[in-house]
Amino acid sequence: MGQIVLEQVTKSFGDVTVIPPLDLIIEDGEFTVFVGPSGCGKSTLLRLIAGLEDVTSGEIRIDGTPSATTPPAKRGLAMVFQSYALYPHMTVRKNIAFPLRMAGLDRAEQDRRVEQAAAVLNLTDYLDRRPGQLSGGQRQRVAIGRAIVREPAAFLFDEPLSNLDAALRVGMRLEISELHNRLKTTMIYVTHDQVEAMTMADKIVVLRAGHIEQVGSPLELYKAPRNLFVAGFIGSPRMNLIGGAEAAKHNATTIGIRPEHISISAEEGAWSGVVGVSEHLGSDTFFHVQDTGLAETVTVRADGEVNFRHGDRIYLTPREERLHRFDEQGLRIA
Amino acid sequence: MARSVTTQRKSLNTFIAWTIGLLIFFPILWTILTSFKTEAQAIADPPVWFFFDWTLENYRVVQERSNYNRFLWNSIIIAGGSTILGMIIAIPAAWSMAFVPSRRTKDILLWMLSTKMLPAVGVLYPIYLIFIQLGLLDTRIGLTIVLMLINLPIMVWMLYTYFKEIPGEILEAARMDGAGLKEEILYVLTPMAIPGIASTVLLNIILAWNEAFWTLNLTAARAAPLTAFIASYSSPEGLFYAKLSAASTMAIAPILILGWFSQKQLVRGLTFGAVK
Amino acid sequence: MSTKASRSAARLMLAPAVILLLAWMLVPLTMTLIFSFQRYLPMRGGFQGWVGFENYARFIGSSAFWPAIQTTIIIVGGVLLITVILGILLAILLDQPMWGQGMVRILVIAPFFVMPTVSGLVWKNMFMDPNNGLLSHLWRFFGADPVIWLSDASMLSIILIVSWQWLPFATLILLTAIQSLDSEQIEAAEMDGAPVLSRFWHIILPHLARAITIVILIQTIFLLAIFAEIFVTTQGSFGTRTLTYLIYQRVLESQNVGLGSAGGIYAVILANIFALLLMRIVGKNLDR
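In order, the protein sequences belong to chains A, B and C.
My numbering numbers the first residue of the first sequence as 1 and each following residue consecutively.
My numbering numbers the first residue of the second sequence as 1001 and each following residue consecutively.
My numbering numbers the first residue of the third sequence as 2001 and each following residue consecutively.
Hints listed in this document are in silico derivations from the structure and should not be mistaken for laboratory results.
Don't take each hint at face value.
Unchecked claim - Pairs of lysine-lysine residues, derived as DSS-like cross-links and limited to a Cα-Cα distance of at most 25 Å, are as follows:
no.	chain 1	residue 1	chain 2	residue 2
1	B	1182	A	94
2	A	74	B	1182
3	C	2284	B	1164
4	A	223	A	203
5	B	1116	C	2284
6	B	1182	B	1164
7	B	1106	C	2284
8	A	184	A	74
Computed from a predicted model, the values in this text were never measured in an experiment.
Can you build the whole structure from these sequences, using the hints too?
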């Protein structure tokens, strides 16, 4: 119960077209992530689905019901905002109960569902506090609680973790994934962070300038990016993109190779260069190799034990089967 | 990061600040003290500080002799009335500009501010004439309207800056949660706007209570508020320090108390949100 | 998200305020403007014909005009000087750690809430009275002859009274501005080796520049219009007749409405110069 279909949806603000005609199917129970650089239209797309913005043209169907003109509250969707948008004058309990109160549920049922959601989200001890007295992570959970109690057809998340610090972000990421596994409800999640997209999504939608660049599972996007934009956007550190003669050898305008698909040696290899900055993460080490004659720097991942110094000459060998080839339009060559 | 400061330094700060604070407050303190003295003690040289025969006589005399209660009542009605009337007009205006802004919102706000800058003396006679024509001279309703009008720009501005601070996402969240326009206003907007409305009311009462151009020039016996009542003590026959002090204390006490609650709002209201 | 319906509702909500203020501004101002071109003496025959710019010329030409302008400038300038300088010092002081900070703030702010007639009379009688005032007691205590404040030092007295009323306002705004200064900025300057005084000149003062400008503009607008303080103390005598008071006397005391109205238009123009400056600052703030 929560299939969302977008058909030829467009959105313009005045003369500015933010979303050119766009088609997308989000299956029931799927965790879909909209990802892209800021200003790519991902939030607008989410707000169109939520009904907070009117579509300029096109059709949005939620569970088969045309919903483009349905007011937000009637779409059966719940949204978690970037700023959490908690009601500051209400206690946590009242915040979570608010949608139920609006739906006219009786008090007993409201209480039951609030208690249940609070238990799931570890908020039981905080029910009588106000949002101002909570930490960022707790506020986030209240916002999620307010979404859960409605038992919506789908959850919409608008960059929900961007106001949290790094450690909390990892924790909340796991909690949201866990929640999805438990509820099996459709979730649409907007972020500019490709790590969040890779770790949480069943399906990633990469957007640029309102345009869908690629749709697929995290691994599909990782293994077979459809174009240079996706290749550069997905994966961390970024894929090395190499043009010129080296690419021509592979009958391509540009070739791409991820840092983790290059082997490193002190004696011999296909390419050679000088070690610049190296980042030791313990488990891995990333070398930024210069003077390769291929690109400004080539990033290489090596085992954490490997130790080269700044200025050492080293040799690199890409794994041929992991090489990505792109034509002059930047599209993948199969 | 707050740094620990030596106790010595802090003591010095405390001493200087309290000395200056008491110096600034002194005229008020002296007025309050004098109001409890006899007339002879009030002008004694050397002055008597605390050890005098505390008496409430002055308060009794002031209330009896000059019909103090009528002035007080006029002040309350005029300050309160102009505030209520002003809020009825200002809340919808500020609301609409904050939540449905248009291209002209900024111009309208600045224009409203400019009306506040109009020097009263420049329009004194026309208002005087209009008041005579409409039979509003020396009436509470007339003064209420004028004070409402001179403070309306401040009210609109203050409310506007408060309403502006209510984040749009909260309203969207309420909409997603199933609140209609009525519920949105009733359960979400109003509770969040109340602190701002309360501060605006408070500041406006203070401003209206202390207004001393129109209240002096548009009233005589019937509608005169406390500002005019005190001014009547400037004539030589009213020169009784203890009585003057008692009358002054009664006139400023309520506003001092309100004012202490509204320090922060004062800044916002009188700088039109330019300093926060 | 604004729809057509909500926009027209918004206009309807805004209308009463706009219409009332428009009427409040335009009707009396137009009347003043019309009067200013008339010979109009309500007590002596009322309307006596149109006189063009004669009132404007006479108002400026009268022997009272330039002294009034001078008085106005001295009072406004003097009060501004005192309140801004003391306001900065007080704001910095109140920003320091101390015991009872809240209470001191309350003491300092209190004069702003005293109605102008009260502060005028309290100062006039209980402090500045040459026989029984506290200041004359003080002078006598040190063996000096008491000053007859409101006649011998009339301007100083008025400036003192008005400064006492407005110092809290300046202090409060400047304090608010100081508290918004990022303490890391000061610490950075400290690390850079800037001594206390140069920290004040190069960091605190520039940070306060905007607040100081606002204090000056708002106070100027209010100070140009001070009335009650003069009304209950000197009644404009002893060289304390400001432009506002002069106009007031022309209109209500000598009932020469035409002449007073011309003066009123001058006052409006003067106030508007400062209002425009203020609006430019406030307007910039709105865009953020």
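Do the hints match the structure? See the list:
no., hint, verdict
1, 1182(B) to 94(A), "holds, 18 Å"
2, 74(A) to 1182(B), "holds, 16 Å"
3, 2284(C) to 1164(B), "holds, 16 Å"
4, 223(A) to 203(A), "holds, 14 Å"
5, 1116(B) to 2284(C), "holds, 19 Å"
6, 1182(B) to 1164(B), "holds, 20 Å"
7, 1106(B) to 2284(C), "holds, 10 Å"
8, 184(A) to 74(A), "holds, 21 Å"
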